[in-house]
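Student: Residue numbers (this note's numbering), protein chains in the order written: chain R, 478 to 910; chain S, 636 to 816; chain Y, 24 to 347.
It should be emphasised that the hints constitute simulated quantities derived from the structure, not laboratory data.
For every residue, glycine included, the Cβ atom is placed at its ideal position computed from N, Cα and C.
Treat each hint with caution, since some may be false.
[Stated by the list, open to error] Which stretches of chain Y does chain R cover? Using the computed rule of at least three CB atoms under 8 Å from a CB of chain R, they are:
#1 59-71
#2 83-90
#3 207-213
#4 278-287
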Amino acid sequence: MSSTTIILFGFVGLFALILLQVPIGVAMMVSGAAGFAAIVGVQPALSMFGGEVASSFASADLALIPIFLLMGNFASAAGLSTDLYRLADAFVGHRRGGLALATLGGCAGFGALCGSSLATVGTMHRVAYPEMLARGYPPHFAAGTIAVGGTLGILVPPSIILVVYSVLAETFVIDLYIAALLPALMAVAFYGAAVVLYGMTRRAAMPAGPRLSGAERLEAVRQSLFVIALAGLVIGGIYAGVFTALEAASVGAVLSFAAYLWRRGWRRAEAFKLIGDTASVTGMIYVMVIGASAFNYFVTVSGVADLFMAAVNATHLPPWGVIALILVVYIVLGAFFDEVATMLITLPFVLPLIVSWGYDPLWWGIVNVTVIMIGLFCPPIGLNVMVMHGLVRDVPLRRMYLGVLPFLLADFLRLGLLVAFPLIATWLPAALR
Amino acid sequence: MNTIDAALRRFAYLLAAAGLCLLFLNAIATVLDVLGRTLFATPIDRLSDVSGLIYILAAACCVPAATAQMRHITIKPFEERLAPRPYAALEGLAALLKLAVWAVLAWQLWAHAAEMEATHQTLSQLRGVRVAPFWTFVALAMSFNALLEALNLLRFTRVALGAMPPDTAAPAESAEPANML
Amino acid sequence: QGPVTLRYATFLPPGGLFTKDDGVMGRWAKSVEEASGGEVKIQILPGGTLGAAGRNPGAQLKLVTDGIADIAFVIPSTTPGRFPDDNLFGLPVSDSAAEGSLTFWKLHEQGLMRGYDDKSFYIIGLLVNPPNVLHTKGPVKKVEDLRGLRLQASGAEQQELIRALGATPVGTVSVREAAEAISRGVVDGTPKDWLALHSFRIADATAHHVNIPMGASTIMFALNRAKYDSLSPKARAAIDRFSGEPFVRMAGKLFDEYTDAKHKETVDDKKRQVITLPPEERARWDKAMGTVVQDWRQRDATNERLWQAFTKTRAQVRGELGMK
Ligand code: NA
Ligand code: NA
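Using the sequences plus the hints, can you model the full thing?
Tutor: Laid out in structure tokens, this is it:
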């Protein structure tokens, strides 16, 4: 068989398996190993599995994931999101759309304790949704704000998806976290601007809350001292240099657990459920990463990257044109496939192309996360919107997508700026080096 | 049959809890190491050796939990398009493939453990500690993972054959969203 | 039938001494390809393109013995226990890559290095890195300056040397994380050779360098044995001709040349302070580290036997290379 035939079979097989409802990680393992076996041999392909699993299990970088998950789950169960929400509300609640702004602020703050977007949606929904309804926000807009704010969970460090990217793209996770900082601030600002602009057109829908006195604000700060200290310690510890990423995660996990014990006491059933969730998500991610690695073997020995690069160069398109095309494909595929799977499958041949044009892999990581964020609430299938719909059954899905529309525009603008000015992501890591 | 199924799934939970507790204890040790190192210039010697082992054990303990709860990232184009029994047959087919993959993984990890034993590999600082037994534990955990998938396969087969109601095919936890995002 | 391709896959980045075309493996590949009359072709795949195992230094030998890659850059200390005698070179006992590597090879030929008689791989060559020297963020001029400093350290010998000098070894920070950890103040410095100082970007985080040998690590280039056996006699002869001692001599010399160039570059850099300790101060450092050597020799009888053979072989190598 020629290598082009093997490549064709490999990719067709991969997509066929995924469509037959085989988990994406397993589909990548099977097609990757089959392709590798066709080129190198069956025995090496078999023992590749042992080596891949052993190396992934032993990876200190991947071990960050269960620790971050523990930290996020305990922080959520401890109700730390409430403190952050109240704090943000105390300072911006009196503006038009203030409670929506506070929700976004709470999401960003909670994102500093939690590496997952779904968990951020889950925990912020409990706090913010009832309050926004009580103050007269339209339900679809309230739900949309939370679904969108939740995406900050994967951009504001720590972030599970950034850990996975750092492992597969071989970049330092701390560098990635630093690279994510300005884009995260930008995301919060743009979402905030979307709220304010939307509020100008729908004045009745965005009531302002009462203005709090200085003493009341001080009280809100006092109430949230612990959570500020925790987020500050974890993020500040990473940036200012007391710990490594793993040490920061450990400190965060231990303190979140302490907060959980302090606030809720020891509840065996609940703790057991948190642990079960953490374990299954961890196991799921390891399977995904092992699958991506196995597929990577096949991509490497088959020379797909070279073929892809040659094909792209033959089009004579400028780099930005190709990048725009790739991003459009990612977003369109995200509508019926899955952004993360798309990123993982294409990374071994797209990243070398991006790097060959002199772009920084850190920047591509942030671009990828931004695309994933858009995919999380972009119709027709946005995971965060679906989850939010599951939590608030009374808002129809169609209305809910209407609620995220202003934010969608903000995100497309942000993605465009990030692509046009890679410095937004690469400047800070370079400056701090 | 159902009692065995429930007991093994329960055991997957216990295993995961044990692995994560180990990881959590390691996190506490890491915090103490940071404090000792920065405040008293006395880090915990050889912690990196022990941590390295704990990462391996914790990861191995978590994989069966995902299988027990049927939580893997899967795109489900047929979920609402097929009748329950043909759908269960399709899920059974996927489970069969997963079972084959987990079995190969377990088999290769046994081989890995045997190689560690044959080449006398130890920890890097605690040179008296052989790593082979720990890898044997990993191979056991992955074999258990394959066993759990066999149980999943059995459930789907029974649903497909009409011996079990469709709504009992998946454990309750798998209905909740689980995603790396 | 076209040439047989041997895949040399490594986690090392492209463009380095062990991956570039005019580097160690590039030269070896060119010689072997020519001598085989085009029967073998060596493909260099740098940058850990083979999955998680490809990026895991400890998995490199397994990649070769399992036939996933044909040739690998192996750091024997990453599979502790498998090559138990390599830790000898973790002590401050060799002054250059040429000297250390040739000594290592001759000890192997005498059958004294356990683990290398394994028949599942063919040894292209064995190397000892140029000695590690101390790189720190702040100035260090005498042994007392080390008190209270935290130094990133990999391997038990390096940690003991650091402890013997009065500093605190930090093993929870990996080599890959060392630069970050120093620039952030998690640790204050690390012992590395002059090449690693730059390739791991530790130079970005340190400005003070003490030219004191503090041990080294070993390297093996391994080739899958079954693959080697399957080659034609002509191809095998080509590999034999440039492997073993010829490889060790070529690689050791090149390693030292690269290291010297990087050393000179570092000395010439006005922003850096490279110091060589005055003799009486140097003696104090050597005395402190000497206790670690003593401990190692006394640990078991095998160590002492190896030590005796080692000092004899090293003297012979030093004589041959025209060293002191
Ligand atoms: Na986050
Ligand atoms: Na989507």
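Student: Run through the hints listed earlier and report the numbers of any the structure violates, in increasing order.
Tutor: Hint 4 alone not satisfied by this model.
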